[in-house]
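Enquirer: Line by line, the protein sequences give chains A, B, C and D. Here the first sequence is numbered in the working numbering, starting from 1 and rising by one per residue. Here the second sequence is numbered in the working numbering, starting from 1 and rising by one per residue. Here the third sequence is numbered in the working numbering, starting from 1 and rising by one per residue. Here the fourth sequence is numbered in the working numbering, starting from 1 and rising by one per residue.
Just so you know, these hints were derived from the structure itself, not from any lab. If you're wondering where the values come from, they're calculated on a predicted model, not measured in any experiment. Any given hint might turn out to be false.
No copy is singled out in the list; a pair is fine if it fits within one copy or between any two copies.
What the hints assert, rightly or not - Restricting the straight-line Cα-Cα distance to at most 27 angstroms, the calculated cross-link-like pairs of lysine-lysine (DSSO-like) are: (1) LYS163 x LYS427; (2) LYS213 x LYS166; (3) LYS286 x LYS213; (4) LYS318 x LYS213; (5) LYS217 x LYS168; (6) LYS136 x LYS318; (7) LYS268 x LYS163; (8) LYS298 x LYS427; (9) LYS168 x LYS213; (10) LYS163 x LYS286; (11) LYS417 x LYS47; (12) LYS302 x LYS435; (13) LYS268 x LYS417; (14) LYS166 x LYS217.
Protein chains: 4
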Amino acid sequence: MTQQQGLKIAVIGGGSSYTPEIVEGFIKHYDQMPIRELWLVDIEEGKHKLEIVGNLAKRMVEEAGLPMQVNLTLNRREAIAGADFVTTQIRVGLLEARKRDEHIPIQHGVIGQETTGPGGMFKALRTVPIILDICKDIEELAPNAWLLNFTNPAGIVTEAVAKHSKVKSIGLCNSPINFQKFLAQQYDVSEQDVLPEFVGINHLHWVTSALVKGEEKLDELLDGGTTYTAKNVPTFGWSVPFLQSLRSIPTYYLKYFYMTDVMFAEMKEALEKNGTRADVVSRVEKELFELYQDVNLKVKPKQLEQRGGAYYSEAAVKLMTSIYNDTRDIQTLNVMNGNIYDFLPQDASIEVNCVVTAQGPIPLPPQHVPNHVKGLLHAVKVYEELTIEAAITGDRGIALQAMVHHPLVPSVDVAEKLLDEMLEANKSYLPQFFK
Amino acid sequence: MTQQQGLKIAVIGGGSSYTPEIVEGFIKHYDQMPIRELWLVDIEEGKHKLEIVGNLAKRMVEEAGLPMQVNLTLNRREAIAGADFVTTQIRVGLLEARKRDEHIPIQHGVIGQETTGPGGMFKALRTVPIILDICKDIEELAPNAWLLNFTNPAGIVTEAVAKHSKVKSIGLCNSPINFQKFLAQQYDVSEQDVLPEFVGINHLHWVTSALVKGEEKLDELLDGGTTYTAKNVPTFGWSVPFLQSLRSIPTYYLKYFYMTDVMFAEMKEALEKNGTRADVVSRVEKELFELYQDVNLKVKPKQLEQRGGAYYSEAAVKLMTSIYNDTRDIQTLNVMNGNIYDFLPQDASIEVNCVVTAQGPIPLPPQHVPNHVKGLLHAVKVYEELTIEAAITGDRGIALQAMVHHPLVPSVDVAEKLLDEMLEANKSYLPQFFK
Amino acid sequence: MTQQQGLKIAVIGGGSSYTPEIVEGFIKHYDQMPIRELWLVDIEEGKHKLEIVGNLAKRMVEEAGLPMQVNLTLNRREAIAGADFVTTQIRVGLLEARKRDEHIPIQHGVIGQETTGPGGMFKALRTVPIILDICKDIEELAPNAWLLNFTNPAGIVTEAVAKHSKVKSIGLCNSPINFQKFLAQQYDVSEQDVLPEFVGINHLHWVTSALVKGEEKLDELLDGGTTYTAKNVPTFGWSVPFLQSLRSIPTYYLKYFYMTDVMFAEMKEALEKNGTRADVVSRVEKELFELYQDVNLKVKPKQLEQRGGAYYSEAAVKLMTSIYNDTRDIQTLNVMNGNIYDFLPQDASIEVNCVVTAQGPIPLPPQHVPNHVKGLLHAVKVYEELTIEAAITGDRGIALQAMVHHPLVPSVDVAEKLLDEMLEANKSYLPQFFK
Amino acid sequence: MTQQQGLKIAVIGGGSSYTPEIVEGFIKHYDQMPIRELWLVDIEEGKHKLEIVGNLAKRMVEEAGLPMQVNLTLNRREAIAGADFVTTQIRVGLLEARKRDEHIPIQHGVIGQETTGPGGMFKALRTVPIILDICKDIEELAPNAWLLNFTNPAGIVTEAVAKHSKVKSIGLCNSPINFQKFLAQQYDVSEQDVLPEFVGINHLHWVTSALVKGEEKLDELLDGGTTYTAKNVPTFGWSVPFLQSLRSIPTYYLKYFYMTDVMFAEMKEALEKNGTRADVVSRVEKELFELYQDVNLKVKPKQLEQRGGAYYSEAAVKLMTSIYNDTRDIQTLNVMNGNIYDFLPQDASIEVNCVVTAQGPIPLPPQHVPNHVKGLLHAVKVYEELTIEAAITGDRGIALQAMVHHPLVPSVDVAEKLLDEMLEANKSYLPQFFK
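Pulled out of the complex, with its shape left as it was, chain A reads as follows (with noise of 0.2 angstroms):
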């Protein structure tokens, strides 16, 4: 870390309606890692948001008497210059975009999710040019700043990163903590008191092993048909018989791939009785700034938990404390697979154990690859990849092989349809496309 006299910190898309928790964490870890300045930048169209939560920050920080200066911006490398940590929660295309992701894929017999599936892949190709050009900023201002990004599809963001930039980047998601915190309420243990192994990649991970005290729990977990849920996903039980087979526990991700049928319908269900998962966000969200618009809150209302999301901004406050204080503690990422998984490529992005050091995070090679997942793994990544590769030259040949090649699309057919009007619906966030 250059800034000896404390951190710099950028939080791109800082009108969001999370920041009071990213920022509550920076509070309360103010001891481990003290914040000199706290950058909160977002776009022209976000000016409204952005000064409404990022006042409410500003008093956070006031009511526990630290010296961390909130600055608020429109200007992104003004916010980027010399920072030590830049993280994104940025949403190309605004709600709105997510609605068509989830709408246009269920009116084709699609699973219509923001992360999976064809909604997921068209966030990317919107999101993917944006973060490079973030990433450009980055290398030009702040060469040694760690980019710490938890926009979705995270994995495929990641991996794009890496592949098209210098910069030195982790990708992060709330659902390895979770499972985590999970473990340990189950029996009843801190959280440092359990170890569970995660094989996979983003939103597509089983869990292979799951330590408590040093002591393997994992047969008793699938015995008992036991797993795990979060907010945004709706709570279904998994065959007992299927998990002892499978002898992990896939995450709740999962299910649109081992239940696709039942989700699907539960899907269009919804759709018709409540509008699609981003009909329900956005009026959450307006309840929120309607809350933060009071002067008189100073700490994060307890109603954002309701947003989903839990514990991204813990995960990610951890992440960089253990950076900056060398903790080499093991944190669950998105990093580059080197040679972990020897069946995918080595600048694939995946998410695993790490242990976290001052240098960044190392993988560490998880004990038991179960066989039969290797080939859905290896699937959806192919997509990814794809999918990448499609964002950043704007084939349509490419976008409709990693349409097709997806295990969620039923068919060529269907691929072809959706991607076209994907594609136009998305056309003005697009423009790789039509050049």
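The hints should help you fit chains B, C and D onto chain A, whose structure is shown.
Expert: Same frame as chain A, but now just chains B, C and D:
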């Protein structure tokens, strides 16, 4: 070859309606490969058919005026002892079992096909133990023999033999030789003048290069939307833009994966109209055996060509001739992967161009493996590996994992139901699952 | 750990002069790792030494006032039964054999060293069968025990155990911990504040990164020509331009490879003056055992530090403590390669930074593996693999291949002569070669 | 092949004394490969020789009565433009440089050979930039041409071309074809009837299988201690027990590694008696050129066979003919590794059996790679990679690493001295090191 005075060949499943074709091949190639003894062996239930087809074989050899002894037997060990080549063309459970393989999945909304999907899986579960039993005889009685397997699913069976016996074996499919003939015909050149390159595994390959007189014709073929078909698969056209972005020609079996919806609809309709393919074949076979009984018939009847499986025997005889004569020509065969595909296990069977020497085939590394097909390839290979393991162990959990991870099976729920029903329906052929 | 009331530890070769050091370690760390029973076991020939050193151990424990039972025995099975940790510090053939390992090669113009070159090879041939015999006892009597091996050549022995037994084992060397201490001292920081990265295998590693408080100091160290030394290796300086182009710090054992001529000359001269290193050690040991006999001695005597092998025991106790407490700290250990180095077999032993959990060590992929050292690394690993195979089979041809392909053996001719002479000289310890 | 009316061939270094051999090859194979234009090109310093040998070539073609145009030129670009095949047989620095490559190492106690060890390294440093320069011309003027390289060290040069240009190139050595001929002669069969398998890289290979009419003869050959020799290498016998445990036949170049002491002694003695091999060759060449000047000489003179390098031209003509005719026969060539050896980089050059098609050679994975030779193979390959990097960059540090890590260089100290002296001696040919 140990037999200096001529070869001994054992055809397991010699009572098959295909036998006249391979006999014709042996007669035609007698000059390059002098066969002293041809043994046609079958099981008790096939005795009647064996006699009919065996007598036809005898008449054919006599007509050709060759000193080739044709022996009919129900004693497999006698047929195998000292053989130079053993071929297998068996159907465990007969056409009745095939009918179930095709019927049951369709009732659950899944492709019902005898080599692909749940149908192929159950064919494998029934067949692998029998083939390994044959291998024990070969190990003991003809350790230097080559086993040429064209019993389907040929890729799985070949891999099972390589993993669980010491027999030298090669898997064969007529699909590559058909493409070669198509290509030669298309360009009006001899078969020796074309060299297509196949990437993939049995019934799941892509043609990634098509040399005609040394010149690459792939682009030309793709841009014309050209493709090739075979008798036992409905002939839909592929989407041309899809082919162009795929930059390779998929085998017709890939329609089950790329055009699942259309193929399923077609299958269901055909089922209602004509019954399954098994029903059709039943009728054809009945007619064939009536023909075979005619004592005046002394050559392979034309009608056999309608049976499907065109050029299977040509492929088999060509392979034997090349091994016998150390021809070193290129043939497309099912052999062990080794280092050919670095993302598949070394002991996986693959379908690949090989140079055939007296010591057997040596695989040729494909010049280019399209990244976008690796995931699907890996996924199906994982299913194949699990199927072999299930066939050997009779473990329901492993069978469930195989079924769940097959890309054509839509959910765990469907997999569980299909597995239960199909296991029950195949009970008498799957003792390993009902211990 | 099964033993809730405290641990049982078995020290094989408990009569070694090193024992007071490990006992001191157990006493110092009793708080973190409460040992209930310490078993020192030795063979009949070592009975006298065992008594001397065992009684000293008892006095040390008594002096410390700890409830740790110290047991002396010649019954290995009794010592092993139910143990949590087993350590081995044996010397098959005693110092007489070492003397031959050092003498004979020098007479043929080859480096004579007890772990590197032909000397190490013969130490391995004698030791591997004995260790595997111990492993059989552990498999039977203490299947959950960890075997901590610091019997040299530790890399070969550890690999042999992994390949030929089911015992969970870890190999240990003091060289990494020595470098860590050197680095901490050099920068005047605590040992926790440094993190060197080791690339290679036992006694053949390169330090490719040297973090001090999170900052990379490698260039600084190389440009200063800095290096580190240990007591049992002559201390020549390295060529600074060589180090600078190597961009890593070689272990002192690499002097046998990089400075063969100088090292050989020095060895030969030393041999003429003082005899081999074995002769020197003999004299030191004699003095140590005289000291140990003193009933008033109740602590580890200072003189033991001159014995060489500094910090071996510290490394061992640190490892046990980390496993027992699931500490997850980073230690440099000898474990199986897995996918760490893609050019070495998965079951090769490597010396690598590991995170130590309650389930054992997890290797950390090095951030950078210099291309220029891969060949030498691979060459020595091949020698190690062949040596293990020769030790197990007693096959002279394989032993010859091991000797020929060791980079320090100059020709087939020398290899053949050396092999014959050394086999003969070790006849009584190598029954496998004289069946 | 673009030239329908006949081929254009450019021979770079056409003034070589070898040229009559390749011309003879072209004449003999005119039926299979009609050459319209043969261009012999050389540099200014070689003008006189070019004229002598070129005129002989013209007389040879005339004598044969073929419509093949022979052109002599000093204008490389004119010769290359539109060529179908380009061959290189150049010697940067002429025999004087070779003399230094052989002399200087011997004075430092190191093998002095023109392709192996420091001599080969310096030949590579001089040659690689020139060849890459030629490649630039080919890229521009004959992008579809095949470059057939038999300029030594052929493995390094071929790898450099593959890494640093887009030219399609193949490396050639006469050693494999010599073994093939030896084997055929030994068993009194035609060359088509043998199939030896080579494992390794250029001038560092092992014959691991020797099929004669389809039967394995390796054991027979090894147990007889049989080996093969070539004119430019002293012919010592191998140790039979060594060969038997090696289970393969090493190329004669491996004597430098396996019999270093004897080979060095022999070299030194020969140097004192006859000068280096360069001196011998000098004398032979002088005599040859005298012969070539005889206007009555209209065929390749017998004496050329004493020059060494037997069958080089046969190998080259055979390769061209097979590419031109899409022959698909097996030849042993230097091509990129790909996945053939999983412990070497994919872009390493290897010497391997290939099937030669109209699109070039496809490498055949060896059936068996002996584990014991992998280390030496890897070590030499690392040296080769570093040498290429040094040749391109002119970086002394990298050159030092190459020299140090060559298995024949005994120490860093010797490497440093040798490097300095040889760089200085080659100064005028190595501008990249003296910027």
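Enquirer: Any of the earlier hints contradicted here, and which numbers?
Expert: The structure breaks hints 3, 7, 8, 10, 11, 12; every other hint is satisfied.
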